[in-house]
Amino acid sequence: TATAVMMLPIGVSVLTLLSRERGEVDRRLSAALMLGIAYAATIGSFGTVIAGPPNALLVGYLSETYGIEIGFGEWMAVGLPLSVVFLLLAWLVLTRVVFRVDPAPLCEDDSVVRAELDRLGPMGHPQRRVVAVFALAATSWIALPLVWRGTPVTDEVVAVVVAVLLFLLPSGEPCGGRLLD
Numbered sequence: 001t002a003t004a005v006m007m008l009p010i011g012v013s014v015l016t017l018l019s020r021e022r023g024e025v026d027r028r029l030s031a032a033l034m035l036g037i038a039y040a041a042t043i044g045s046f047g048t049v050i051a052g053p054p055n056a057l058l059v060g061y062l063s064e065t066y067g068i069e070i071g072f073g074e075w076m077a078v079g080l081p082l083s084v085v086f087l088l089l090a091w092l093v094l095t096r097v098v099f100r101v102d103p104a105p106l107c108e109d110d111s112v113v114r115a116e117l118d119r120l121g122p123m124g125h126p127q128r129r130v131v132a133v134f135a136l137a138a139t140s141w142i143a144l145p146l147v148w149r150g151t152p153v154t155d156e157v158v159a160v161v162v163a164v165l166l167f168l169l170p171s172g173e174p175c176g177g178r179l180l181d
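Per full-length UniProt numbering: the sequence shown = residues 1 to 181.
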């Protein structure tokens, strides 16, 4: 999935940084991290309606065929707890049963992560604005059906409005531009 494709380079970067700092990185940690990314992408995909195409297809099918409407918040009420439980189980299986990764070296020294965070610096105006727009989307998806029964504003409308906002809102940078150009 797209999530795994985005996260794999991050996992490889983490392993590269650890190998620079500590020399050799434990092969068990490497395998657990790479498989963990793949499993997490799959498990996390049923946490929300928009996390995977089959979810949206199921919601559409149930609506058209049986008249059963499932909103974003209703899906999350079931999907998110299941995702959390299965993520914890996958982590336990990968780190305690299959690969038996020793977490002590990772927990003792977080200097590598701290150095990378310091190198990134604080969030700028564009990043803060994107977070605000995403928070608006998430809040709308969850809260609208709860506070406005029978709302004509569907999950799809919220997604389109948020996408349009990202193209219209200024980035806040001195050079100008929009959040999405």
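I should point out that these hints are in silico values taken from the structure, not numbers from a laboratory. As the structure is a prediction and not an experimental result, all values here were calculated from the model. Some hints here could point you the wrong way.
[As the list claims (entries may be wrong)] Simulated DEER-style distance windows between Cβ atoms: (1) Thr16 x Pro103: 18 to 28 angstroms; (2) Arg96 x Gly150: 14 to 24 angstroms; (3) Arg149 x Leu8: 40 to 50 angstroms; (4) Arg27 x Val131: 34 to 44 angstroms; (5) Leu58 x Gly150: 19 to 29 angstroms; (6) Met123 x Leu88: 38 to 48 angstroms; (7) Pro81 x Ala38: 15 to 25 angstroms; (8) Glu173 x Val97: 42 to 52 angstroms; (9) Phe167 x Arg119: 29 to 39 angstroms; (10) Leu92 x Tyr66: 34 to 44 angstroms; (11) Val147 x Val12: 38 to 48 angstroms; (12) Leu146 x Tyr66: 16 to 26 angstroms.
Glycine residues also receive a C-beta, built at the ideal position from the N, C-alpha and C atoms.
Hint by hint, here is what the structure shows:
1. Thr16 x Pro103: 18 to 28 angstroms: Between Thr16 and Pro103, where Cβ atoms are some 20 angstroms apart, the hint holds.
2. Arg96 x Gly150: 14 to 24 angstroms: Once the Cβ atoms are compared, 48 angstroms apart, the range 14 to 24 angstroms for Gly150 and Arg96 is violated.
3. Arg149 x Leu8: 40 to 50 angstroms: Holds: the Cβ-Cβ distance is about 42 angstroms, inside 40 to 50 angstroms.
4. Arg27 x Val131: 34 to 44 angstroms: Since the Cβ atoms of Arg27 and Val131 sit about 37 angstroms apart, the hinted range of 34 to 44 angstroms holds.
5. Leu58 x Gly150: 19 to 29 angstroms: For Leu58 and Gly150 the Cβ distance comes to about 22 angstroms; the hint holds.
6. Met123 x Leu88: 38 to 48 angstroms: violated (29 angstroms)
7. Pro81 x Ala38: 15 to 25 angstroms: This hint holds: roughly 22 angstroms between Cβ atoms.
8. Glu173 x Val97: 42 to 52 angstroms: Given about 48 angstroms between the Cβ atoms, the range holds.
9. Phe167 x Arg119: 29 to 39 angstroms: holds (30 angstroms)
10. Leu92 x Tyr66: 34 to 44 angstroms: Between Leu92 and Tyr66, where Cβ atoms are some 37 angstroms apart, the hint holds.
11. Val147 x Val12: 38 to 48 angstroms: holds (43 angstroms)
12. Leu146 x Tyr66: 16 to 26 angstroms: holds (22 angstroms)
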